[in-house]
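Participant: This is what each chain is made of:
There are 2 protein chains.
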Amino acid sequence: MSTSGRTQARGEARKEHILEVAFKIFAENGYRGASIADIAEGCGLSQPGLLHHFSTKADLLAGVLEHRDRLDAEKFHMDEPTPGIAALKRYVKLVEYNAHLPGLVKLFAIVTGEAAVNSAHPAHEWVVARYHRRIGDLAASLRLGVDDGSIRADVDTTATARRVFAMMDGLQLQWLLHPEQVDMPGLFRSFVDDLIAEITP
Amino acid sequence: MSTSGRTQARGEARKEHILEVAFKIFAENGYRGASIADIAEGCGLSQPGLLHHFSTKADLLAGVLEHRDRLDAEKFHMDEPTPGIAALKRYVKLVEYNAHLPGLVKLFAIVTGEAAVNSAHPAHEWVVARYHRRIGDLAASLRLGVDDGSIRADVDTTATARRVFAMMDGLQLQWLLHPEQVDMPGLFRSFVDDLIAEITP
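Protein chains in written order, with UniProt numbering: chain A, 1 to 201; chain B, 1 to 201.
Please note that the accuracy of each hint is not assured.
Listed below are the simulated SDA-like cross-link pairs for lysine to any residue, each with C-alpha atoms no more than 20 Å apart in a straight line [to be verified]:
1) A:K24 with B:S119
2) B:K24 with A:S119
3) B:K57 with A:K24
4) B:K24 with A:N118
5) A:K24 with B:N118
6) B:K24 with A:A120
7) A:K57 with B:L19
8) A:K57 with B:G33
9) B:K57 with A:R32
10) B:K57 with A:N29
11) A:K24 with A:L177
12) A:K57 with B:D59
13) B:K75 with B:K57
14) A:K24 with B:H121
15) A:K24 with B:K24
16) B:K24 with A:H121
Reference excerpt, derived from the structure (chain A facing chain B, CB under 10 Å, subset only) [as the list claims (entries may be wrong)]:
17) G11
18) A27
19) V128
20) Q172
21) H178
22) V182
23) G186
24) L187
25) S190
26) I196
27) P201
Here are the simulated distance ranges between beta carbons [to be verified]:
28) B:T7 with A:H67: 56 to 64 Å
29) B:K75 with A:K24: 49 to 57 Å
30) A:K93 with B:S190: 23 to 31 Å
These are computed hints drawn from the structure, not numbers from a lab.
All C-beta atoms, glycine included, are put in the ideal place defined by N, C-alpha and C.
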C-alpha cells in the first residue's frame, strides 16, 4: 500500500469510528440533546478535529443514518426487488434482528419522531424520503406478487405497505417503553402471518 | 359568588390558559426544546408568575398531558367499559377526530418518542402507565366480546390491543411526515374493519 493509500485507509477507519461514537450519543440523547463537544470527546478528538471530518452536527447525523441504513440494506438485501410474500418475510427477519439492537431502534425512533413534528429538523427531508422509498419499494414488491398471482388482485398494495411500516414503528415504540413485556418480533411475525393469510388468494 | 369563589374561578381560568399555551409550545418544540421563558411570555406572565401555578417544566408537561387526555376521555367516553367491537369502533372515531388536531398528535408523538428512548424523561412513567392502562382497557373490552360470543374465543386480546395502538401510532407518524399524502383515518378504519372481520366468529 502506498503512503497515500495508508493515509486514506486511516481516514476511513477514523470516520467509521466517529460514526459509531456519534450513533451511540444520538441514540441516547436525540439530535437536539447530543452535542458536538460530547461526540468529539467520545472520539478522543478536539472539536476542530471532529469538524474536519463532518462540518456540522446535521452532516454527522446524516452520515450516521445513511451508514446504518446501508449496513441493514446489505445484510437483508433490502435493495433487491423481491416478489410479494418473500418481501414481507424479509421484514420479519429485520424486526427479529432489530430486537437485539435497542440503541439502533432508539436512534431511528427519536430522529423520525423529531423530524415528524418539526419540518425544520435537519433530518426532515431524509426521513420523508426514506418513508417514501421504503413504502414505494414494498408496494412494488407486492405488485410483483399480484402479477404472478401469489397476491389477490384487489389488494391495495400501497395501503398494505403503509400498514406494515406503521405496525413496525408502533410495536417498536411499545417495545422501547416496556422491553421485558413486549415481544416485538413475535407480535410483528403474527401480524405479518395474518396479513399474508388475508392478501393471498 | 363569594370573593374567594371568584378568585378561585379566575385562578382556574388562568391555569387552563397556561395549559393551552404550554400545549402549543410543547407540541411545536417537544419537551426539551420548549422553555419556561417562552411559555411564560406566551401567557403574558413573568417566569415567577408562571412558576406560581406550575413549579417545574415537568409539572407543566404533566398538567398538559393529563388535561388533553381528560378532554378526549370525556368526549369519547373512553373510561367506560364498552364490550368488544364497539370499543374498536370508538378508536376509529378518535383517529378521525385527531386528524383535525395535528398539534395534539404532535405533542403526544414527540413526548411518547422522547420518553420511549429516555427512561429519565420526566414523562417516562406517565407514558408507560398510559400505554399499560390503554392496552389493558382495550384488552378488557375485547374479553367482554369473547364472553358474549361476538369475538372468537381463540383471539389473543392483549396482542390484539397492542396491534391496534401500534397501528394508530405508526399511521400518525406517517401522517405527520406527509399530511397531504396519508389518509390516516381511512387507513386506520380499513385496518379496524379487516381486524373485526378476522376476530369475529
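Participant: Keeping to a limit of 20 Å between CA atoms, is the pair of B:K75 and B:K57 held or broken?
Facilitator: violated, 27 Å
Participant: When the nearest CB of chain B is found for A:H178, is that gap smaller than 10 Å?
Facilitator: holds, 7 Å
Participant: For the hint 56 to 64 Å, verify it against the beta carbon of B:T7 and that of A:H67.
Facilitator: Cβ of B:T7 to Cβ of A:H67: about 59 Å, so the range 56 to 64 Å holds.
Participant: With a cut-off of 20 Å on the C-alpha distance, tell me whether A:K57 and B:D59 pass.
Facilitator: This hinted pair is violated, its Cα atoms lying about 31 Å apart.
Participant: Verify the interface restraint on A:V128: the C-beta must sit less than 10 Å from at least one C-beta of chain B.
Facilitator: Holds, about 5 Å.
Participant: Is the hinted pair A:K24 and B:N118 satisfied, with a Cα-Cα distance of at most 20 Å?
Facilitator: holds, 13 Å
Participant: Measure nothing beyond the straight line between the CA atoms of A:K24 and A:L177; if it is 20 Å or shorter, mark the hint as holding.
Facilitator: Within the cut-off at roughly 19 Å; holds.
Participant: Check the hint pairing A:K57 with B:G33 against an upper bound of 20 Å on the C-alpha distance.
Facilitator: Answer holds: A:K57 to B:G33 is near 17 Å, not above 20 Å.
Participant: Classify the hint on A:V182 as holds or violated, based on whether any CB of chain B lies nearer than 10 Å to its CB.
Facilitator: Constraint on A:V182 satisfied, holds at 7 Å.
Participant: Using 10 Å as the Cβ threshold, decide whether A:A27 counts as touching chain B.
Facilitator: Hint on A:A27: holds, closest Cβ of chain B at ~7 Å, below 10 Å.
Participant: Using the nearest Cβ pair, does A:G186 come within less than 10 Å of chain B?
Facilitator: Because about 8 Å separates A:G186 from the closest Cβ in chain B, which is inside the 10 Å limit, the hint holds.
Participant: A:K24 and B:S119: Cα distance at most 20 Å?
Facilitator: holds, 16 Å
Checked against the numbered hints above, the structure breaks hints 3, 7, 12, 13, 15, 17, 26, 27, 29 and satisfies the rest.
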